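Engineer: Sequence:
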Amino acid sequence: MLHSENSENLTHREAQLLFYLFEKKNDVLDRTFILNKLWGNDDFFNARSMDVFISKLRKKLKKDPNIQILNIRGFGYKLIC
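According to my numbering, the sequence shown holds residues 1 to 81 in order.
Just to be clear, a hint being listed does not mean it is correct.
[Claimed, not checked] Below 30 Å or equal to it, Euclidean Cα-Cα: the simulated DSSO-like pairs (lysine-lysine) are: (1) 78 / 60; (2) 37 / 62; (3) 24 / 63; (4) 63 / 78; (5) 78 / 24; (6) 25 / 78; (7) 78 / 37; (8) 24 / 37; (9) 59 / 37; (10) 25 / 60.
[Claimed, not checked] Derived DEER-like restraints, expressed as beta-carbon distance ranges: (11) 63 / 43: 29 to 37 Å; (12) 64 / 13: 17 to 25 Å; (13) 43 / 65: 17 to 25 Å; (14) 44 / 72: 13 to 21 Å; (15) 43 / 64: 18 to 26 Å.
Keep in mind that the hints were calculated from the coordinates and are not lab data. This structure is a prediction, so every number in the text was calculated from the model and none was measured. Using N, Cα and C, we set each Cβ at its ideal position, and we do this for glycine too.
Can you build the whole structure from these sequences, using the hints too?
Structural biologist: Structure follows, in structure tokens:
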């Protein structure tokens with residue numbers, strides 16, 4: 001596997017989350033859909049866990065100013081790229 005100095009390793013769950021965000025890039029990905037798909041339900045504790053994963057992804061992607069993950073309050077997330 002090739003790694004550049006700017007590459008970041010993703011955990012399995014981070015990769016899954018980024019996959020779903022990318023599938024809906026530039027459109028809103030429903031928060032409940034992600035929670036049910038990756039965590040099995042949308043309870044409070046899983047929602048908080050997902051927020052942590054979104055934060056981790058943002059940190060890993062911040063090196064590229066052309067990529068952003070936006071919170072769409074009350075709906076979900078939007079990957080801008």
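Engineer: Give a verdict on every hint.
Structural biologist: Structure-based check of each hint:
no.: 1; hint: 78 / 60; verdict: 16 Å, holds
no.: 2; hint: 37 / 62; verdict: 25 Å, holds
no.: 3; hint: 24 / 63; verdict: 21 Å, holds
no.: 4; hint: 63 / 78; verdict: 18 Å, holds
no.: 5; hint: 78 / 24; verdict: 8 Å, holds
no.: 6; hint: 25 / 78; verdict: 7 Å, holds
no.: 7; hint: 78 / 37; verdict: 17 Å, holds
no.: 8; hint: 24 / 37; verdict: 14 Å, holds
no.: 9; hint: 59 / 37; verdict: 23 Å, holds
no.: 10; hint: 25 / 60; verdict: 17 Å, holds
no.: 11; hint: 63 / 43: 29 to 37 Å; verdict: 33 Å, holds
no.: 12; hint: 64 / 13: 17 to 25 Å; verdict: 21 Å, holds
no.: 13; hint: 43 / 65: 17 to 25 Å; verdict: 35 Å, violated
no.: 14; hint: 44 / 72: 13 to 21 Å; verdict: 19 Å, holds
no.: 15; hint: 43 / 64: 18 to 26 Å; verdict: 33 Å, violated
In summary, the numbered hints that this structure violates are 13, 15.
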